[in-house]
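Assemble chains Z and U onto chain P, guided by the hints.
Protein chains in written order, with UniProt numbering: chain P, 1 to 354; chain Z, 1 to 268; chain U, 1 to 262.
The set of hints was computed from the structure by calculation and includes no laboratory data. Treat the hints with care, as some may be off.
Claimed, not checked - Here are the computed lysine-lysine pairs in the DSSO-like style, where the Cα-Cα straight-line distance is at most 27 Å:
1) U:Lys92 x P:Lys43
2) Z:Lys261 x P:Lys158
3) P:Lys202 x U:Lys13
4) U:Lys17 x P:Lys194
5) U:Lys92 x P:Lys202
6) P:Lys96 x U:Lys92
7) U:Lys13 x P:Lys126
8) P:Lys247 x U:Lys13
9) U:Lys92 x P:Lys136
10) P:Lys129 x U:Lys13
11) P:Lys194 x U:Lys13
12) P:Lys16 x U:Lys17
13) P:Lys136 x U:Lys17
14) P:Lys247 x P:Lys290
15) U:Lys92 x P:Lys19
16) U:Lys92 x P:Lys158
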Amino acid sequence: MSGNAIEVKDLRKTFKVQKNREGLKGAFLDLFKREYNEVAAVKDISFSIPQGEICGYIGENGAGKSTTIKMLTGILVPTSGHLTVGGYVPYEEREKFVQHIGVVFGQRSQLWWDIGVIESFQLLRKVYKVSEPDFKRRLDELVERLQLQDLLNRPVRKLSLGQRMRCELVAALLHNPSIVFLDEPTIGLDIVVKSEIREFLKDMNRDHGTTILLTTHDLQDIEALCSRVIMLDDGKIIYDGGLEELKNRWGTGREVQFQFGTPTRLEQLRSWTEALPALAWSAENELEAKVWIPLEINVSDVLGQVVSKADITDIKIIETNTDDIVRSIYQSGTAEKKPDATIREDEGVVATHV
Amino acid sequence: MFNGTGGAYLDFIRIRFLTMLAYRVNYYTGILIYTLNIGVYYFTWKAIYGGGGELGGFTASQMTTYLAVSWMARAFYFNNLDREISTDIRDGSIAIQFIRPYNYLMVKMMQGFGEGLFRFMLFMIPGMAIAMLFFPVKLPTAPEAWAGFLVMLFFSFLINSQLNIITGLMAFFVENNEGFMRMKRVVVDLFSGLIIPISLFPSWLGSIMEFLPFQAITYLPGSVFTGRIQGVGIWNVLGVQVLWFVLLLIPMVWLYRASRKRLFVQGG
Amino acid sequence: MSYYFGLIGEYLKNYIKTRMTYRADFWVEVISDLLFQVTNLIFIFVIFMHTDSLGGWSQSEVVFVYGFFMVPFGIFSCFVNLWGFSERYIVKGEMDRVMTRPAHNLFQIFLENVDPPALVGSIIGIVIMAVSGAQLDVAFEWWTIPALIILTISAVAIYTGIYTALTSLSFYSDAPTGILPLMYNVQGYGRYPVTIYNRAIQVLLTWIMPFAFVGVYPASLFLEREEMRNMAFLTPLMGAIFFAIGLTAWNYGVRRYRGAGS
Numbered sequence: 001m002s003g004n005a006i007e008v009k010d011l012r013k014t015f016k017v018q019k020n021r022e023g024l025k026g027a028f029l030d031l032f033k034r035e036y037n038e039v040a041a042v043k044d045i046s047f048s049i050p051q052g053e054i055c056g057y058i059g060e061n062g063a064g065k066s067t068t069i070k071m072l073t074g075i076l077v078p079t080s081g082h083l084t085v086g087g088y089v090p091y092e093e094r095e096k097f098v099q100h101i102g103v104v105f106g107q108r109s110q111l112w113w114d115i116g117v118i119e120s121f122q123l124l125r126k127v128y129k130v131s132e133p134d135f136k137r138r139l140d141e142l143v144e145r146l147q148l149q150d151l152l153n154r155p156v157r158k159l160s161l162g163q164r165m166r167c168e169l170v171a172a173l174l175h176n177p178s179i180v181f182l183d184e185p186t187i188g189l190d191i192v193v194k195s196e197i198r199e200f201l202k203d204m205n206r207d208h209g210t211t212i213l214l215t216t217h218d219l220q221d222i223e224a225l226c227s228r229v230i231m232l233d234d235g236k237i238i239y240d241g242g243l244e245e246l247k248n249r250w251g252t253g254r255e256v257q258f259q260f261g262t263p264t265r266l267e268q269l270r271s272w273t274e275a276l277p278a279l280a281w282s283a284e285n286e287l288e289a290k291v292w293i294p295l296e297i298n299v300s301d302v303l304g305q306v307v308s309k310a311d312i313t314d315i316k317i318i319e320t321n322t323d324d325i326v327r328s329i330y331q332s333g334t335a336e337k338k339p340d341a342t343i344r345e346d347e348g349v350v351a352t353h354v
Numbered sequence: 001m002f003n004g005t006g007g008a009y010l011d012f013i014r015i016r017f018l019t020m021l022a023y024r025v026n027y028y029t030g031i032l033i034y035t036l037n038i039g040v041y042y043f044t045w046k047a048i049y050g051g052g053g054e055l056g057g058f059t060a061s062q063m064t065t066y067l068a069v070s071w072m073a074r075a076f077y078f079n080n081l082d083r084e085i086s087t088d089i090r091d092g093s094i095a096i097q098f099i100r101p102y103n104y105l106m107v108k109m110m111q112g113f114g115e116g117l118f119r120f121m122l123f124m125i126p127g128m129a130i131a132m133l134f135f136p137v138k139l140p141t142a143p144e145a146w147a148g149f150l151v152m153l154f155f156s157f158l159i160n161s162q163l164n165i166i167t168g169l170m171a172f173f174v175e176n177n178e179g180f181m182r183m184k185r186v187v188v189d190l191f192s193g194l195i196i197p198i199s200l201f202p203s204w205l206g207s208i209m210e211f212l213p214f215q216a217i218t219y220l221p222g223s224v225f226t227g228r229i230q231g232v233g234i235w236n237v238l239g240v241q242v243l244w245f246v247l248l249l250i251p252m253v254w255l256y257r258a259s260r261k262r263l264f265v266q267g268g
Numbered sequence: 001m002s003y004y005f006g007l008i009g010e011y012l013k014n015y016i017k018t019r020m021t022y023r024a025d026f027w028v029e030v031i032s033d034l035l036f037q038v039t040n041l042i043f044i045f046v047i048f049m050h051t052d053s054l055g056g057w058s059q060s061e062v063v064f065v066y067g068f069f070m071v072p073f074g075i076f077s078c079f080v081n082l083w084g085f086s087e088r089y090i091v092k093g094e095m096d097r098v099m100t101r102p103a104h105n106l107f108q109i110f111l112e113n114v115d116p117p118a119l120v121g122s123i124i125g126i127v128i129m130a131v132s133g134a135q136l137d138v139a140f141e142w143w144t145i146p147a148l149i150i151l152t153i154s155a156v157a158i159y160t161g162i163y164t165a166l167t168s169l170s171f172y173s174d175a176p177t178g179i180l181p182l183m184y185n186v187q188g189y190g191r192y193p194v195t196i197y198n199r200a201i202q203v204l205l206t207w208i209m210p211f212a213f214v215g216v217y218p219a220s221l222f223l224e225r226e227e228m229r230n231m232a233f234l235t236p237l238m239g240a241i242f243f244a245i246g247l248t249a250w251n252y253g254v255r256r257y258r259g260a261g262s
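Just chain P, with the same shape it has in the complex (with noise of 0.2 Å):
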């Protein structure tokens, strides 16, 4: 096997959609003839992926970020374009394929609804061809991992979502597939089981060496697990590189939320941030102000300044998340450009220094 785990070349798909004619009359004729228009999802695409790496797949709605995992797991044959994972050609010898990849659809569940969780981990063993001593090994050791012991006979209806999402992950992960993809593996979860389960994947991916493939909304999944971002948007690869830099270029700050047991006025809060220029307070009344900051100013600074002053019952800080960042680059325009501005701007530093 070659030094990627996954392998992707001018991948393309398109569909077709059907035209839903208008009105009464429309859908009769509907009723006759369809009209399909084609659509492309993926456009075209090309990326590798190295062995042992965490890769984060990001972008908006429709960007055609499913319908890669779709093609990347066997399941859709693309329309033209070459693709590899792990040695194999997915859509070619899909069965063969699929007994070396893990994967996780957030939203979809693949355990027993009404039985044991363990009675779909025995069923999904005979599936994987996972030899029994194989299977308490691993079953154990993901088990102690996730701490399921007491939930293992429990049915999964009776399962919190976040109980329910690591049994997910036991289940695609019992016959220890090198790779693993993951569709929004976080969804819908508090931050205690989302950080459990980001420290699961990071542990694996380190005492494992598994690949990791996953598509998320939440940028602190990037932010916790990936050295590597590729992002989508209408089909094409805007963006393939690291986390940091894509933040520092795209990434427009982050928002804190005050809300104060006393009234504070907005002329009070600005003088007391006076050293931090940058940031923009507005206030809804006298109880409750935002203050949006700049990525180059740290949040600790700003709390800094004001937590000793006023009299806060509550802070909440909004972290910008992975559509924000394609909705700047998109409208900052195509990713390409973009790296132009950023020298500029170091330029123009670099300049006022000399």
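Here is chains Z and U on its own, set in the frame of chain P:
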């Protein structure tokens, strides 16, 4: 306000009608298969009648007409409200339906009627025309038979939908009411007189049927259409239908109330 | 092969465990299945209240055919349950999950939907065959049991082929859900002596929707009705052909689903 809601109800009819229009394959094949159903029973009865005579008050020719009109009436009144309701209940979306500013049962009835209108125009009428091409169906000549039949057909739809709604709402009280829905379908097909006219049943079974609502769905309107019931008789059987419609409102509304209570008190 | 048999056991085990939680439902389902069969038997009994023979077949013979009909039907309903395929696997997207597993996708779908209560129907079918067979003095020969097994498997293959082919339309059209329940009506007609129907319907039930091969043709072998013996011998061949058609249609549908063959 009331006006707005009324308009919304009419919209449910329209939307369902349009939705049905989109499902083309079902109804081309539906007509064929209903015609086949009629054909199979036609030849079965033909074999039974042999030379001629009368069975349970039906002449061979009346039996043919009865068969055709019964199947094609089913093409109109049949719907899957039971399944829709039990799906709403099982996936929890009924909670949203219950808090909307309309009556859930009315909405279901309207949707059923939208479907019925579609089935009447694009399934029953062409189906009947095709059945008449193949089999010696005799249409009634008396205008009162036509009028009576059409009014009764509407009540067939109402009564069948009421039974469907009742079966669907049972999903609140039994974990999985798939079995009940299947039983209901079988019972309605058999005891409504679709498969065998009630008068051919053994007399003890026939008299039990007289005290059940099923005959009002197929047997009574079919009897009017074939001319076995005429004149004042039509008013009588229509009265039976109206009576069942009113009587079935009671368990339906009661179940609906109980469902709401169960949903809001126990959270489903 | 042993892999697939192992899976059957595993899925059945999970089915039984699921059912343990809803025990009452199991019996409701058994009863509703049987009620369906009972109504058909009622039809036969009511008919024979008004006539002595149906196209030259006595009541016991027709009931015997019915008994045979129930055996493959029960097995088919247990293992091939494609109701709601379109809704569950296409609309709700569970097909994707199936495709990420290393077993044939159709086989997984069959197993995920096993319905063992239907087997009770098969057992009752055997009882009906035994009772009406005794009334008719049907000879019990050395070949009776093997023939019963072969004909049952063939009939199950015919059902499976037809329903799989029809269900595979879900890959092309939004909602062909209406076809399956309608087919349900038609299949019953193969259990009456098809010779009473006119030529067109006979041809339909023999060659196009060959439901005569799941009822009256194979059963006639045991009743020693000479006129249909050749048809009875043809049953395994029809089973093989229709099973192949169903599987091919399915694989084409899946290809289309994966975007390869449209």
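Quick rundown of the hints versus the structure:
1. U:Lys92 x P:Lys43: 26 Å, holds
2. Z:Lys261 x P:Lys158: 23 Å, holds
3. P:Lys202 x U:Lys13: 35 Å, violated
4. U:Lys17 x P:Lys194: 32 Å, violated
5. U:Lys92 x P:Lys202: Violated - the C-alpha atoms of Lys202 (chain P) and Lys92 (chain U) are around 31 Å apart, more than 27 Å.
6. P:Lys96 x U:Lys92: 25 Å, holds
7. U:Lys13 x P:Lys126: Holds: Lys13 (chain U) and Lys126 (chain P) sit about 12 Å apart, inside 27 Å.
8. P:Lys247 x U:Lys13: Given that 27 Å is the threshold and the Cα spacing comes to 51 Å, the pair is violated.
9. U:Lys92 x P:Lys136: 33 Å, violated
10. P:Lys129 x U:Lys13: 17 Å, holds
11. P:Lys194 x U:Lys13: Violated - the C-alpha atoms of Lys13 (chain U) and Lys194 (chain P) are around 34 Å apart, more than 27 Å.
12. P:Lys16 x U:Lys17: 42 Å, violated
13. P:Lys136 x U:Lys17: Judged against 27 Å, a Cα distance of about 21 Å means the pair holds.
14. P:Lys247 x P:Lys290: Holds - the C-alpha atoms of Lys290 (chain P) and Lys247 (chain P) are around 22 Å apart, at most 27 Å.
15. U:Lys92 x P:Lys19: Satisfied, since the Cα-Cα distance of roughly 21 Å is no more than 27 Å.
16. U:Lys92 x P:Lys158: 22 Å, holds
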